[in-house]
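Go by the hints and put chain B onto chain A.
Protein chains in written order, with the working numbering: chain A, 7 to 237; chain B, 752 to 1244.
Simulated from the structure, these hints should not be mistaken for lab results. Worth double-checking, as some hints may not be accurate.
Label-pair ranges, simulated between beta-carbon atoms [claimed, not checked]:
1) Asp1161(B) x Ser110(A): 36 to 42 Å
2) Leu754(B) x Glu214(A): 43 to 49 Å
3) Asp1161(B) x Asp170(A): 25 to 31 Å
Quick list of in silico lysine-lysine cross-link-like pairs, DSBU-like style, CA-CA up to 30 Å [as the list claims (entries may be wrong)]:
4) Lys132(A) x Lys1029(B)
5) Lys119(A) x Lys32(A)
6) Lys1164(B) x Lys1234(B)
7) Lys1232(B) x Lys29(A)
8) Lys1164(B) x Lys134(A)
9) Lys985(B) x Lys73(A)
10) Lys1029(B) x Lys985(B)
11) Lys73(A) x Lys1243(B)
12) Lys132(A) x Lys1032(B)
13) Lys73(A) x Lys915(B)
14) Lys178(A) x Lys132(A)
15) Lys1234(B) x Lys73(A)
16) Lys134(A) x Lys985(B)
17) Lys1032(B) x Lys134(A)
18) Lys134(A) x Lys916(B)
19) Lys134(A) x Lys156(A)
20) Lys119(A) x Lys178(A)
21) Lys11(A) x Lys1232(B)
22) Lys134(A) x Lys852(B)
23) Lys132(A) x Lys1164(B)
24) Lys132(A) x Lys852(B)
25) Lys111(A) x Lys156(A)
26) Lys11(A) x Lys983(B)
27) Lys852(B) x Lys802(B)
28) Lys1055(B) x Lys1196(B)
29) Lys134(A) x Lys1243(B)
30) Lys132(A) x Lys985(B)
31) Lys1234(B) x Lys11(A)
32) Lys29(A) x Lys1234(B)
33) Lys1234(B) x Lys32(A)
34) Lys915(B) x Lys134(A)
35) Lys11(A) x Lys156(A)
36) Lys852(B) x Lys1055(B)
37) Lys1220(B) x Lys132(A)
38) Lys1234(B) x Lys156(A)
Glycine residues also receive a C-beta, built at the ideal position from the N, C-alpha and C atoms.
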Amino acid sequence: MIDIKNITKVYNGVTVLNIPELKIIKGESFGLVGNNGAGKTTLFRCVLDLIRPNSGEIISDGHAVSKTAAWKSFTGSYLDEGFVIDFLTPEEYFSFLANINGLSKDDLTEFLKDFEEFFNGEVLGKRKYIRDFSSGNQKKVGIAAALISKPDVLILDEPFNSLDPTTQIRLKNLLKKLDEETNTTMLISSHDLSHVTEVCKRIVVLHEGDVAHDIKTGKDTLKELEKHFAV
Amino acid sequence: MLLKWFIDHQWKQATRSPIFQKNLIVNIFLGLIVLLLFLEFLVGGIYLGNKWHEIFPDVHPVTKFNSFLLYYFAFDLILRFMIQTLPVLKIQPYLHLPIRKSSIIHYLLSKAFLNVFNFLPLLIFIPIAVFQIATNYSVQQAWVWIVSVLFVVLSMNYLMVYIKKQLVAKPSIVGIFGLVMLALALLDRFGVFAISDISALIFDAIILNQELILIPILLFGFVYFVNFSFLKNKMYPEEIQIRKSRKLDSISDFKYLKTLGQTGEMIGLDLKLIWRHKRTKSIVYMTPLFLLYGFIFYPNPEFKDFFSFKIFVGWFVTGGMMLNYLNYAFSYESNYFDAILAHNIDMHRYFRMKLTMGILISTFCYVITIPYVYYGLDILLINSSMFLYNIGLLSFILLYMATFNKNRMDLSKGAAFNYQGMGASNWLAMIPAMLLPILLYHLFKAFDLPMFGVAVNGLLGIIGLMFSKSIMEILVRQFDKRKYIMADGFRKR
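If we strip away everything but chain B, and leave its shape as in the complex, we get:
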């Protein structure tokens, strides 16, 4: 009963980690959010599955859905590359024990099975199978379809495990893959070459010829076997670990920044910090998701006059990235926080540097998202106002709140679904960040001054910037008060 021991050890490893124990409340909160997300997906999936044939009344609903599947799998692959983390069982302590290698590998691989990406799509696929395929064909065919699709999803899962272990897929390759998919989608859209037809053909064929279910199952078996034999031959700790790239990056020299003296040097340090750690780097990779967020809402006529929502989106696209940076301004540096304190670094400059970085990030996001003006001048106005609010008020609030986070942050893991090192203060910071502008807007709207409600946010930002010197003074004093507690927390590994 080896498996029992493995699971037992994993469970203990998770629950005994100091982060889990310290942050029980945060964990419960997170659990609730995950549950909520799950329920939302479930309800959305059932709704979509139930009404699918009404969305595309002219075509066969199942064929239509099947035509999207290849696109979905391509998207799934890209998303997995960006945020799927490798399952790690600390295998070293087991290797010298009389345990068969293959048991360890099977366990390692079965851990990869428990990935949220493998189950979330089922919340949509199962309702489709129930409401569309079972009604249009037969229950048995619905089973065949759902099993086939599930095995393709699992194949994607293990393909990504293999690719990531091999490290053959560089971000640039994935970028090219994404561009190719985009090009194919465009060709499809203009009727030159239709991937969607091929997609529909493949998955319709499986429904009609049920013995074809073997193909996805064999595909899955093949990918699993490739993973297994790869790991079996590489069962040495130094080989199984992801080879660290020993190559240095090319950003090592900031000639321009050096001329700016200590502040420039500190900014250079922070840029390196971001670029040389997996967690911070993956946040950078997620930037497009933040910036493109507007496309989900702006084109939708339902949101045309939904101002408080536009305020939220404006806040998010111009300030979301900044929030990610400033909220963890100090915990990102938890690894060497003692050095920051003990070296001859002027704290006023240190804070100015953090603020400058935040403003630069927000400015970048603001400039990039100016084209949203295509969807209306009001959007540009709101975004400008929110941009000022973000850099002139929120930035200070975030830095203030950041002094309350004393959790050591491990930057060597990816960022997605990674809540290690997040404290209650980080969650608390989001409340004023999101709600304050909307509340202000509603306050003025109640007096029939909606546009003033938008402008007042920007005004607050300008006032904040005008008084930035005195606010900085308060922040540094706060930091001096909190630094012992922060340093103590950061030292706890």
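Next comes chain A alone, as it looks inside the complex:
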């Protein structure tokens, strides 16, 4: 599904990302962990064609992401607050996205109904602009927005951060369900090792821009990861 070939990114003479080859197959749940500055967000931005790598290319379902825009129609993403249009109300934002993605009104209603539990009554019907929400609730909006088009590829950067414990658990369940019931390819980065091992069947550890580990999640994965990070 996603082919990463020879990607390097250099800032001020420092290589922050260097991945000779990384293949993520269709339907895989792919977890990305690493310390601050390991290159997680940089990699995701490359996959979304938001930054131009110094070399290499990324192919998403046969489309080179920097050459065409075809991948946008099957990719949902939320990296940070810059991904939501904050002067809209959540309702306006969702209906904007529904229109952009060619969803009908009924599709939208159904979609929002599915997310009722995830929103926990704190998002819809508040008569507030997104910029006036707490960061946790803004994140809920962003994650839901990434899923609105029922994407084949879902990219989330630190989705568990700043969510309350209940919502973290709900998000985990939501992602697990998505993984089991659909063929969605998920790329999820996290600082929380236990969350990411629970959700993802494959974990890649980035260290200073390089792939340090590439593990199939098993019983001992969490211990293995903890050992790697306990320095």
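Chain B in isolation, oriented as in the chain A frame:
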């Protein structure tokens, strides 16, 4: 020496902001412009003060000037409401420290004193005091007058600080206030009821009875005290900040636009963007200033045959607002630019939407300013030609230049004197915008074809519109090349 620390922190805050450091050249350029403006005002003020008695030879010059003062203060109040920004000291980090509340408040209020509105009028008032009052009365009386007027100006300043903190003055109230003033001015003009007489009476009285200087000083003290005690009781961050209006606006639904599909949806988004941010909204409020610009020049017989100037005015009234929009087409969206790139938005449509908005804005300005034809048919011809130039050529140039601006724009502040987020490209864009039509005109005038020089601008616009599809193609390609750099710049907070 608390004050020293406050000033030191403020200075560091200003100079260490990434925008200041990145745009040093722009800042120097701006500084020069401000200096130039200051000098122009100074020279104009001295000239006016010196020649004032020759302009109105039949009446007492000082009384005449005093009769305008109330009008000036009313105008000052309206202008302040529209463009004066509140002084903000980020007080939160100081509140938990052992610093007396009143020191913080005094400092906060003294920052409000350093406002260009408080000093620009002095450039006219001081020459009047020197050349008119000192010569007609005495030097001491001139001092009394200038101090009185200064304190009234400062009272206006702090009154506006208070009003804005309270947020009691809605734009509609100011609009009504403006209309009342206009009505009073008309009554004055037709001799029904003369505010100007009252104005003259008040300020003449101060010159003649010098102890009356106490009134403006007391007025100032009162307004300052009201501000002080208001802030003292409200020294909690959540209270001192301007209460955000939680109310939603009523434009939220564009049923008609929704039927237009993605382009309509994007236009709706841009309208909301403009209406829901302070900076863009205050530009909308300034529209009348753009549109009424012609009144300064058209009635003046000196400009009757000054064609290149008329071309400039025509360009400005039909295209000035559009320039404001298209020049920042992308930086207005810097807050969520990543979303524009990552979501399933067709870039051709995105550009078409921006262009459509620009054309709509310009068309609106053009239609509104058609009545200028009262001052001559040539004005309508020039404006029509410039309108076509604006929508058919300039619009594309501006969109092209807009891709070079990678400064994140903070839309939560007012627009006047706000250069945050402006890049060199925005200044560069103004050069072809203003000069090209005038140069073309002069080129053809040199061959004795002045009217053709006017028409050629419109012709260029029509050609541009005819080839808009291919030009769009070039623009989108340019955008694709620049988008990484723009996105990177916009991410820098």
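Structure-based check of all given hints:
1. Asp1161(B) x Ser110(A): 36 to 42 Å: Because 37 Å falls inside the window, the suggested range holds.
2. Leu754(B) x Glu214(A): 43 to 49 Å: For leucine 754(B) and glutamate 214(A) the Cβ distance comes to about 47 Å; the hint holds.
3. Asp1161(B) x Asp170(A): 25 to 31 Å: The hint (25 to 31 Å, Cβ to Cβ) holds, given that aspartate 1161(B) and aspartate 170(A) are roughly 30 Å apart.
4. Lys132(A) x Lys1029(B): Status holds; Cα separation ~22 Å.
5. Lys119(A) x Lys32(A): holds (27 Å)
6. Lys1164(B) x Lys1234(B): Holds: lysine 1164(B) and lysine 1234(B) sit about 25 Å apart, inside 30 Å.
7. Lys1232(B) x Lys29(A): holds (27 Å)
8. Lys1164(B) x Lys134(A): Given pair lysine 1164(B), lysine 134(A) holds - Cα atoms ~20 Å apart, limit 30 Å.
9. Lys985(B) x Lys73(A): violated (56 Å)
10. Lys1029(B) x Lys985(B): Since the Cα atoms of lysine 1029(B) and lysine 985(B) sit roughly 24 Å apart, the hinted pair holds (cutoff 30 Å).
11. Lys73(A) x Lys1243(B): Given that 30 Å is the threshold and the Cα spacing comes to 26 Å, the pair holds.
12. Lys132(A) x Lys1032(B): Holds. Lysine 132(A) to lysine 1032(B) sits at ~24 Å (cutoff 30 Å).
13. Lys73(A) x Lys915(B): violated (50 Å)
14. Lys178(A) x Lys132(A): holds (25 Å)
15. Lys1234(B) x Lys73(A): holds (13 Å)
16. Lys134(A) x Lys985(B): Holds - the C-alpha atoms of lysine 985(B) and lysine 134(A) are around 25 Å apart, at most 30 Å.
17. Lys1032(B) x Lys134(A): With a Cα-Cα distance of about 19 Å, the restraint between lysine 1032(B) and lysine 134(A) holds, given a limit of 30 Å.
18. Lys134(A) x Lys916(B): holds (22 Å)
19. Lys134(A) x Lys156(A): holds (26 Å)
20. Lys119(A) x Lys178(A): The given pair, whose Cα atoms are some 18 Å apart, holds under the 30 Å limit.
21. Lys11(A) x Lys1232(B): holds (21 Å)
22. Lys134(A) x Lys852(B): violated (33 Å)
23. Lys132(A) x Lys1164(B): holds (25 Å)
24. Lys132(A) x Lys852(B): Not satisfied, since the Cα-Cα distance of roughly 36 Å exceeds 30 Å.
25. Lys111(A) x Lys156(A): With Cα atoms ~15 Å apart, lysine 111(A) and lysine 156(A) stay inside 30 Å; holds.
26. Lys11(A) x Lys983(B): This hinted pair is violated, its Cα atoms lying about 62 Å apart.
27. Lys852(B) x Lys802(B): Between lysine 852(B) and lysine 802(B) the Cα gap is close to 49 Å, so the pair fails against 30 Å, i.e. violated.
28. Lys1055(B) x Lys1196(B): Judged against 30 Å, a Cα distance of about 17 Å means the pair holds.
29. Lys134(A) x Lys1243(B): Holds, because 26 Å separates the two Cα atoms, which is no more than 30 Å.
30. Lys132(A) x Lys985(B): Holds. Lysine 132(A) to lysine 985(B) sits at ~27 Å (cutoff 30 Å).
31. Lys1234(B) x Lys11(A): holds (22 Å)
32. Lys29(A) x Lys1234(B): holds (26 Å)
33. Lys1234(B) x Lys32(A): holds (29 Å)
34. Lys915(B) x Lys134(A): holds (23 Å)
35. Lys11(A) x Lys156(A): Roughly 27 Å separates the two Cα atoms, so the pair holds.
36. Lys852(B) x Lys1055(B): Violated, because 60 Å separates the two Cα atoms, which is more than 30 Å.
37. Lys1220(B) x Lys132(A): violated (43 Å)
38. Lys1234(B) x Lys156(A): Satisfied, since the Cα-Cα distance of roughly 26 Å is no more than 30 Å.
Against the hints set out earlier in the document, violations occur for numbers 9, 13, 22, 24, 26, 27, 36 and 37.
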